Structure formats: structure tokens, C-alpha cells
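So the protein sequences, as listed, match chains A and B.
The opening position of the first sequence corresponds to residue 1 in the numbering used here, with each subsequent residue numbered one higher.
The opening position of the second sequence corresponds to residue 1 in the numbering used here, with each subsequent residue numbered one higher.
Because the hints were derived from the structure by calculation, they are not lab data.
Source: prediction; values computed, not measured.
Be a bit skeptical, because a hint or two may be false.
[Said to hold, decoys possible] Which residues of chain A face chain B? A partial, calculated answer using Cβ under 7 Å: (1) V282; (2) A317; (3) A320.
[Unchecked claim] So these bits of chain A aren't anywhere near chain B, every CB distance computed over 12 Å: (4) R29; (5) A61; (6) E75; (7) K79; (8) A118; (9) E126; (10) L145.
Every residue gets a Cβ at the ideal spot worked out from N, C-alpha and C, and that includes glycine.
Spelled out from the first residue to the last, the chains are:
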Amino acid sequence: MTTTVATTSIRTEERASLLGRVLGSPLARLIARRILIATPLLLAISILVFAMLEAIPGDPARNQAGMDATEEQVEAVRKQMGLDRPAVERYLTWLGGFVTGNLGRSSVSEQPVTSLLAERMPVTIELVALAFLVSLAIAIPVALLAARKPGGVFDRVVMVISMTLLAVPNYVMALLLVLVFAVTLRSLPAIGYVSLDDGLLANLRSVTLPVLALAIPLACFYARFLRGDLVEQMNSADYVETARAKGVTPWKVLWGHAFRNSSFGLLTLVGLNIGGLVGGTVIVEQIFSMPGLGVLMLQGVMSRDTAVVQICVFIFAAVAVLANLVVDVMYAVLDPRIRYGHR
Amino acid sequence: MAIADASIGAALVPSDAVSRNERWARIRRRLVVWVPAGSVTFLLLLCFVGPFVLPLPSPIGGSVLDSGLPPGTAGHPLGTDVNGNDVLSRLIYGGRASLTIAIATNVIGLVVGGGIGAVSGFLGGKADTVIMRALDVLIAFPSLVLTIAIAQILGPSVPNTILALSAFSVPAVARIARSATLKIANMPFIQAAELSGSTTWRTLTRHVVPNITPQMLNFALLGMGIVIVTEGALSFLGMGIPAPAPSWGNMIFEGQQSLSATPLLVLWPSLALLVTVLSFNMLGENVRDEMSGR
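Hey, can you work out the whole structure from these sequences and the hints?
What follows is the structure, encoded as C-alpha cells:
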């Protein structure tokens, strides 16, 4: 009898200490601290977006009622849209709706904003995800080959080409790709998005040019960074010296040792880029008529569709904040020195 | 260490080979700085002095009768666009607008952002936390999304475009200025200045600011390309420099309408954008490398 009680109490104690160890671990504390910083930041961002939309000139109630509506009709629409209430109250209503998943309706298409997002988000996510994959698939092999012989012919050619392409804005890149592949070669569609439901091949064909427009400048950026980091590791790191001394082949040192270390920095860069890339989709989606989040936001800004713009801009900013958070945490997972606060 | 290595290496190789290699390396090092520097100077002269000395036709108000003239037509070396305006003239005036906006945005970024960053980093404590958290909010926005929102509030015009673009140049410069200030804040010469009775303001303006200025200027140089590209994006979307006034962004947008028929109308402003951004990027990178003593 007493022994059972004793064992259970020991078990709960063990469990408690395990739980305590997990919760009290430096990593958990770091994640908690990061989330504590990110939450007010996201709140501040949502307030700023709300304030900016308030400041855009024009009367949404009049837009909604139409140009030849009488003053009373406009007032009725204003009341119906809830615009007669003070701004603070409307912001809090929005925040409450955000938490409970009710984002209101678009004042242009009358559709619920949540269903608009469900329609548009997959397009943007597909573009961004493919752009990252393609850019890394180009950058990593190119950087490895270039770093094999720094100053060699391949290295110099890659450096010059990547420097040049880096200076090409994505909207110019987009139009150049259209000019070559859609107008001259007629091999890929210039505009329009084909849903995944209509076949994988047709879908991939429709996103090839926008993905390339996003991925090429990114690939140049990554290739230059990775090449520089690899060369530095190969020239100065002690572990490279050790590996060489024990007879590891140069290619294996580069690939198995230096690249492993450099991939760490590359990953950070990828994380930091997510925000910028998501912002970059705005203009690329517009050029290729992709029905994504960016186009939704642009149209919303033009037509003063407050409910739509509010959530779109918030999503863009939140993705950047959360990506930074994930990078910070991953750093800590990979590097114990940071986990324990020795920075 | 590096110098010692080099001299040991030099002693082992025949001397004329070294001198030839070294001479070539020195020439190359100079070229990578002077070529982009020359290119930037040329662009600045072309865009700011060109309109006064070159016999350029007006960039706006052309006649539809002259529309779509091919390159090489008398009086129109690069031809005319759909509205009958001279393309070369529009390129130069558009470049003037782009460069004016980029320079103004960077000056605002340097003065306001640099000031905020230096004060924040130097004072530290609560003020620093509050200022930096406020800037974090602005930095969290993707630059194009933020500028679109602000440009839409202010309406399309040159000064408004500058203000919208400053919304990301100011926080970015402030961050760099702050970290540069933190690096020198505890150095002996700052402590010496404070011990000798220098006021906070005097230490800040006479000791901190001169020390972080080179780094700031270099950052601004690297920022020129980013600002020019973003301004082009805004004008491309119709939220920057309002048509009919030319800018590279709205020229690319207009040319896009007839991309298959007259691709040159897109290619000229794209090329202008490319050369300008490339020159500034190369100059900025090489100045940075020189400064970090590579």
C-alpha cells in the first residue's frame, strides 16, 4: 500500500521534473522570450496598418454607395459598414474578429475575407516555395563549383553574371522572361494561373515564368554569399586544415566539411529573405496576372477595400516577423552557445 | 600576419613574376573602383547637366503623328514611344527623377536615421529600447508593401515618393548607425572625452558622428540601388512619379503594353536601370571591401 503510493509519487515527481526540465530548458525559455517580443510587435503592426488605412484619402462609404447616392443613402451605408463608430472601437472589433477567425467581408466583391484568403494564399505560397527551391537548386551547386577554384575561370564568370543579374529588378526580369519565352519562343504562357486541379503539368507551366522572375535574383544572391563563405572557410578554418592533413580529398573537404558549416549561414539568409520575397511577389503576381495575395492587396489598396488590405498587409508583415523568429530559434537549436546566452 | 605571409611567399617566387602579378593585381584593384565610379559620375552628369546642354526634345507633349518612330530617325536617336515622345529625352529626364529621389531618400535616411541611431545607441537604456522597438515595427514590413501603403495615402508625386521610400531607409540606416555607435561607445577616446568634461551633445557630434560617418555613407551607397529599384516598382504600379512625367518605372510599364510589337521601349529603360543599379552596387561593394581592408 505504502509502496504504491511512494512509487506513484516518485513517478509524478519524475514527470514533473521532466516537464520542468523541458519548460525550464534554455531553448524553451528562448522560444518563450522570442514569442513575448513578437506578440506586441505584431499587435503594433496591426495598429499601424489600421491607422494607415484610416489615413488613405477618400470615403469608403461613398465608394460603396456609388457616386450618385444621396447624402442619406451614404449615411445609411456608413452605418451598415460600421464606419460611424469611433476608430478605436472599430480596431478592437477587427482584433476580436481576427482572433475568432471572422475577418469581415470585402466591400468590393462582398465575399467573406476568409474565403478570399483561402482562395488566394495557396497561389502565393506556391510561388514563394518554388522560388526558394529553384534558387537554392541553382545557387548551391554553382557556389560549390565556383569555390572549388577561387579566381578560376568558372568562378569569375559566375561572379560577373551573378553581379549583373543581381542588379536586374524582378519586374524587369519578369518582362525579359516574357519577351524570351512567351513572345519570341512561344513556349510558355505569359499570363494567367492554372490551378493544380487542372493537372500538375499545366499548373507548373503557368507558374514557371513568375517563379523564375523571383528565383533568379535570389539565386545570384545566395550563390555569391555561399561562395564567399565557402572560400573563407577553406582558407582559414582549422577543421579544414585538419581534414586536409588526414588526407581527405579537396572536393570532400569542400562538400562534406566547409559546406556543412556554410549551410548554417545560408539558412539564416533564406529565413531573413522570406519577408522580402513575399513582398516581391506583389509586383510579379501583378505582371503575370497571378490570383495571389499580392494582387489581392494591390486591388484592395486601389479600391480602398479596408477589410482585405488590413489582413493582407498584416500577413505580409507577420510572415517576416515569424520567419525571423524561426531563424533565431533554429540558430539556438543548432548552436548551444546561443541557447545558453553566450552571445 | 597576412603581410608576413605575403612577404614569405614573395621571397620564394622569382621576383619579376611577383612584380608582374602584383602590378596586374594593383591595376585590377584600381579598375574595379574607378570603372563604377566613372560610370556613376557619367550618369549623374548625363541626367543633371544633360538636359541643359544637350539638344534634347521635350520629354512630354509629343505629337501622335510622331508615335512609334524607329531608332535612328533624324532628331530621335532612340526613336519615339507610342505618344510620340523622344525616348532618349525621356530616359534622361526619367533618370534625373530616379536619381533625385534616390539621393533625397538616402540623405533623409542618413540625417534622420543616422541621427536616431546614434542618439539611441549612445544614450542606451529605456530610450534606446523604445526607439528600437518602434523602428522594428517599420522594419518588419516588406519594403514594397510599406511604400505602396504610404504612397497610396500621400498620392503620386515626387516629394511623396521620397517620403514613402524614406519609411524604410530611415529605420534601416538607424539600425546600422546604432550598432556602429555601440561598437565605439566604450572605446577609450570616448571615455577620455567624457572625463575631460565634454557634454553628451559634444561627445556625440564631435566624436561619435565623425567615427560612424564613413560606414553610414557606404551603407547609403549600397542603398542607392535598392531605392532606385523600389522607386521603379512604385512608378511601374502607377504610385510613384505620375505620368506623363517620365520615370524608368512608368516607361517600362508603358512599354509593357506593346511588349511584343516594340520590345525596345521596355529594353531601353530596363538597360538604364540595370547600368545605374550595377554601377552603384559595384562602387558600394568595392568601397566596403577597401574600408574593411581586404
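So, going through the hints one by one against the coordinates:
Residue-level restraint check for V282/A holds (minimum Cβ-Cβ distance to chain B is 6 Å; threshold 7 Å). Annotation: A317/A was flagged as interfacial toward chain B, and the flag holds, the nearest CB pair being 5 Å apart, inside 7 Å. Below 7 Å, beta-carbon pairs count as interface contacts, and A320/A has one with chain B at about 5 Å; its hint therefore holds. Separation of R29/A from chain B is adequate, the least Cβ-Cβ distance of about 20 Å exceeding the 12 Å criterion.
Distance check on A61/A: its Cβ is at least 18 Å (rounded) from any Cβ of chain B, clearing the 12 Å threshold; non-interface status holds. At the 12 Å boundary, the C-beta of E75/A stays outside the reach of chain B, the nearest C-beta of that chain being 25 Å off. A cut-off of 12 Å between C-beta atoms confirms that K79/A is not in contact with chain B; the least separation is 25 Å. The claim that A118/A lies off the interface holds: its Cβ sits roughly 21 Å from the closest Cβ of chain B, which is beyond the 12 Å cut-off.
For E126/A, the requirement that its beta carbon stay farther than 12 Å from each beta carbon of chain B is met, with the minimum near 18 Å. The claim that L145/A lies off the interface holds: its Cβ sits roughly 22 Å from the closest Cβ of chain B, which is beyond the 12 Å cut-off.
The structure meets every hint from the earlier list without exception.
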